[in-house]
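Protein chains in written order, with my numbering: chain L, 1 to 191; chain C, 1 to 428; chain Z, 1 to 252.
Don't read these hints as lab results, they were simulated from the structure. Possibly wrong hints are sitting among the right ones.
To be verified - Taking lysine-lysine pairs in the BS3-like style, the calculated list, with each CA pair at most 25 angstroms apart, reads: (1) Z:K54 - C:K30; (2) C:K30 - C:K329; (3) Z:K251 - C:K230; (4) C:K329 - C:K230; (5) C:K359 - C:K305; (6) C:K11 - C:K30; (7) Z:K251 - C:K30.
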Amino acid sequence: MAETSAPSGAATHSPAGAPAEAVTKRDFLKLTTTAFAVVGVGALAWPFISSLAPGGDVLALASTDVDLAPIAEGQAVTVMWRGKPVFVRHRTAAEIEAAREVQLSALKDPATDEARVQQAPWLVVVGICTHLGCVPLGQRPTDARGDFGGWFCPCHGSHYDTSGRIRRGPAPTNLEVPGYTFTSDSAIRIG
Amino acid sequence: MAIGLHDSSFKNPVVRWVDQRLPVFTMIQKEYGTFPTPRNFNYFWNFGALAMINLMIMIATGVFLAMHYTAHVDHAFESVERIMRDVNYGWLIRYAHMNGAHLFFAVVFIHIWRGMYYGSYKAPRELLWILGVVIFLLMMATAFMGYVLPWGQMSFWGATVITNLFSAIPLIGPEIVTYLWGGFSVDNPTLNRFFSLHFLLPFVITGVVFLHVAALHITGSNNPLGIEPKGPQDTLPFHPYYTAKDSVGIVVYLAVFAFLVFFMPNYLGHADNYIPANPLVTPAHIVPEWYFLPFYAILRAVPDKLGGVILMFGAIAVLFVLPWLDTSKVRSMRFRPIARIAFLLWTVNFMVLTWVGAKPAEGHYVLIAQIGTMIYFAYFLVVLPALGRLERPLPLPESIARAVLGPKAQLGGGPVPGGATAQPMEKA
Amino acid sequence: MRIVKALAVALSLSFASPVLAAEAPPPPDARFGFAGLFGTFDRGALQRGFQVYKEVCSACHSMRLLSYRNLIDIGLTDEQVRAIAAEYMITDGPNEDGEMFERPGRLSDRFRRPFPNEQAARVANNGAYPVDLSVITKARAGGANYIHALLTGYVDPPAGVEVMPGMNYNAWFPGHQIAMPNVLNPGQLEFADGTEATVEQMSRDVTTFLAWAAEPEMERRRQMGVKVLIFLAILGGLVYATKRKVWADVKH
Chain L
1 MAETSAPSGA ATHSPAGAPA EAVTKRDFLK LTTTAFAVVG VGALAWPFIS SLAPGGDVLA
61 LASTDVDLAP IAEGQAVTVM WRGKPVFVRH RTAAEIEAAR EVQLSALKDP ATDEARVQQA
121 PWLVVVGICT HLGCVPLGQR PTDARGDFGG WFCPCHGSHY DTSGRIRRGP APTNLEVPGY
181 TFTSDSAIRI G
Chain C
1 MAIGLHDSSF KNPVVRWVDQ RLPVFTMIQK EYGTFPTPRN FNYFWNFGAL AMINLMIMIA
61 TGVFLAMHYT AHVDHAFESV ERIMRDVNYG WLIRYAHMNG AHLFFAVVFI HIWRGMYYGS
121 YKAPRELLWI LGVVIFLLMM ATAFMGYVLP WGQMSFWGAT VITNLFSAIP LIGPEIVTYL
181 WGGFSVDNPT LNRFFSLHFL LPFVITGVVF LHVAALHITG SNNPLGIEPK GPQDTLPFHP
241 YYTAKDSVGI VVYLAVFAFL VFFMPNYLGH ADNYIPANPL VTPAHIVPEW YFLPFYAILR
301 AVPDKLGGVI LMFGAIAVLF VLPWLDTSKV RSMRFRPIAR IAFLLWTVNF MVLTWVGAKP
361 AEGHYVLIAQ IGTMIYFAYF LVVLPALGRL ERPLPLPESI ARAVLGPKAQ LGGGPVPGGA
421 TAQPMEKA
Chain Z
1 MRIVKALAVA LSLSFASPVL AAEAPPPPDA RFGFAGLFGT FDRGALQRGF QVYKEVCSAC
61 HSMRLLSYRN LIDIGLTDEQ VRAIAAEYMI TDGPNEDGEM FERPGRLSDR FRRPFPNEQA
121 ARVANNGAYP VDLSVITKAR AGGANYIHAL LTGYVDPPAG VEVMPGMNYN AWFPGHQIAM
181 PNVLNPGQLE FADGTEATVE QMSRDVTTFL AWAAEPEMER RRQMGVKVLI FLAILGGLVY
241 ATKRKVWADV KH
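Use the sequences and the hints to build the structure in full.
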C-alpha cells in the first residue's frame, strides 16, 4: 500500500518546476509517514482479530473427566467436550478383533487400531463426522451402526468401523481421537 | 451526460474499467483530491475529520463488543466483565468504545462551537447545519442507550430517569413510558430494545453524516474569515494540503485517546456503574455522563416537570432555528466585536452549566443553573436577533487571498505559487 | 428575583438528601505500588492479599467474577492453584440420577460463594448483604485508597454519636455506620512468606489483591500504552514534518 499510494499522490501534486531535490525529500518523507501509518493500522487490526479466538474462560473448560466404571461391555456413552460430543465405547472382544484384522491397504485413511486406542476395550473418538460435521448414529443399541459395526452418519452415508475409521462414504478421514489420559483404571480425562 | 460509460480520466486499466461503470474513483478524486478548499483553515477545521474517524472507531469496536455481549438483565453485567477479563484484548476494545464515546462528544462539541463562532450555519449552509444538529441528537440517543447496556447502577437509574422524562407529556405520557419500557419498569425488555437501537442508530448516524458531507460539498466549507472564496487563488486542493493537516490533528487526537484508554480508562466514568443494577436501591448521586450535564442542569433548573423537559429539549431545538435567529450578514465573529464577546460569554456559561449539572440540585446551585439557563436562551432568542440590527461589524477583507497574502496579492498571479493553485483550475 | 430565590430554597429543601449530610471526606492517598501511571502489582502482596481474602473476607464476601485459574496471574504455580481449587467443594450436576452433587474444585470453576444466594447471605449477616468484591476497587469512589482507609478505619465513635445496634463506627464509610465489623486484628493469621501480619499490612495486601481482581489487565494495559504512545509520538513527528513540507510552498 505504501509503495503504491504515496508515489502516485506525490506525482500528482508536486508543484510544476520545483527543484528535483525538494521533490525527492518530500517523497521520502511522505513514503515513510505513509508506511508508518499503514503499520499502525495493521497493528490496530490485531486486537480485533485476536478477540475472535477462544477467550480465557473457553480455554479453561477444555478438559472433561469421564468415569468408565458404569459403562458395560458393548455399551457406549456420549460426553460433551469443548461443546462437541465425544463417543466412549466399551468394545467387545469381537469388535476389537474386527478392528484389528483389517488390512491397512483396505483403509481410506490408514491407521492401526492399536494406534487409536490406549487400552484395547476403550475407544474414545470425537463424535463428529469428518465429512460435514454431523453426529453419526451408533451410540444407542437400537441405532444403525453401518456396514462395519461402528457408526453410520445419516447425513451423507459415511460408514465407520469399530475403531472409528472411515470405511465407506464421502468422509475423508477417520473419526478424530482426542487427546486423553487414564487418570485411574476406570477414569479418563479428555483434553 | 449521455447514457453509456463514464468518461474516466484514470490511466490504470483496472481503475479505469471500474470508474467507467461506477465513477467512484472520479468522485473520490473530485471530493477529496482536487476539491477546492479555502486556504485559510485553522486547526478548528480538523474536528469534522476527527468526528468521522471517531464514528468509525465506535462502529468497529461496537460491532466486536456486540459479538461478546449478552443483552439480558441476568447476564449483561457479567458478559461485559467477561469481555474485560477473558476475551482476548476485550479490555482494549471495551475501554476504546467507552472512552471513544467521551471523546466523540468532546470532538463534536468543539466542531459545533467552531460552527457557531465562525457562523458556519448561515446561508447557504443552513441545511448543512441542521443535518449536523440531527447527528448530535442521534448521538445523544445512541450514547444514552449504550450507557444502559452494561447494566450497572448508573445504567439502570439513568435509564429510569431519562425514560421518565417522557411521562411529563400531558395525558399520554405514562402510556408512552410504558411503551418505552415494554413493561412497568426498566427491565429486560427495555435492555433488549436499547441494545437493538444502540446497534442500529450508529448506522443511521453514518447515513446522516453522508448527507452532511454531501451538503458540505455543494456549498463548500466556511472558513475563519467567513467570506466565500472568490476564485482559485483563495483555495487549495484538499489533497495533499488538508489531508496532511487533518493527519496532524488525527495523530494528536489518537494520542489523547490512547492516553485515556491505556492509563486512565475509568477516569471519565462513574464508579457506581461497576455495581450491578439494583432496582431497589438508587445511588446517592445520579449524575449523567459529563456531555449531558449542561442539558441536565437546564432540566433541573425548572421546578416544574413538564417545564423542565420542554426547556431541556428546547435547548437543542433552538439550534435548529439558529440560522434564522442570527440576523447578521457577517459570519465570522472575528468581525463582530459585540457578538464575539456575547458568544464567548455564552461559552463560559455553557461550561458553568456543565459544572453545575454535576452538583446536587440544592441551594445556590439551583440559582446558578437558573441564571445559566436564562443566559443560554437569551443568547439565541434575544442577543443574536438584536445584534444583527444594532451591531456595526468591522470591515471585511476583500478576499481570502488578500487577507492571507497581504495587500500585494493580485487576482490570479503575483506571489501565489503556481503549483498550489494550478490544480483546481486544471481539473475543475 | 425574589421568586427565583424562593423557588431555589423550595427546591433545595425538596431535594436535600440525607446522604449528602453523611458523606465521608475523600480517603488519603495510601501510595500503593500499583498507583500512578506505571505502577505494577507486587506479587508478594498479591499472594498475601489472596491469603487474607481466603482466610478472612471469603467467610462472607463472594468474588463471583473470578475463577481459580486467574490465580496463576498472581504468581502461583499451576499445581498450587489446582490444590487451592481442590480445597473447595463445588456443587455440580445434575448427574444421571438427576441429583446435584459436590466435587472438588477445578481451575475453571468460579470462586466458591460463601452463601448460595443473597437472601441466605442476609439471614446470616443480620440483614446486611456482604457485597461481591470482584470489582470493588472500580465500584467505589476513591478506589483502592478508600478500601484501605475503610479496612483500617474502625475507630471509637466521637462523643455524642450513637451507633445503632448491629452497626459499627467507621471513619471512612459514608454515614460512618457500617454493618461490617472490624475483621482485621494484629497477628490473626500467619503469612506464608513470614511477613508480620499487622492490620496495616493485611489491609494493604488484601487491597492490592482486590485492585488486581478488579483490573487484572492493568499491567498489560500500561505496557501496551507506553508502546502505543511512543509509536504515536514518532508518527506525529513524521506527520507534522510532512505537513510542513507540503505547506512549505504555500503562504497561509
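So, going through the hints one by one against the coordinates:
1. Z:K54 - C:K30: Violated, because 67 angstroms separates the two Cα atoms, which is more than 25 angstroms.
2. C:K30 - C:K329: Measuring from Cα to Cα gives roughly 30 angstroms; hence the hint is violated.
3. Z:K251 - C:K230: holds, 17 angstroms
4. C:K329 - C:K230: Holds, at roughly 17 angstroms.
5. C:K359 - C:K305: holds, 19 angstroms
6. C:K11 - C:K30: Cα-Cα ~16 angstroms, so holds.
7. Z:K251 - C:K30: The given pair, whose Cα atoms are some 24 angstroms apart, holds under the 25 angstroms limit.
Hint compliance for this structure: hints 1 and 2 are broken, all remaining hints hold.
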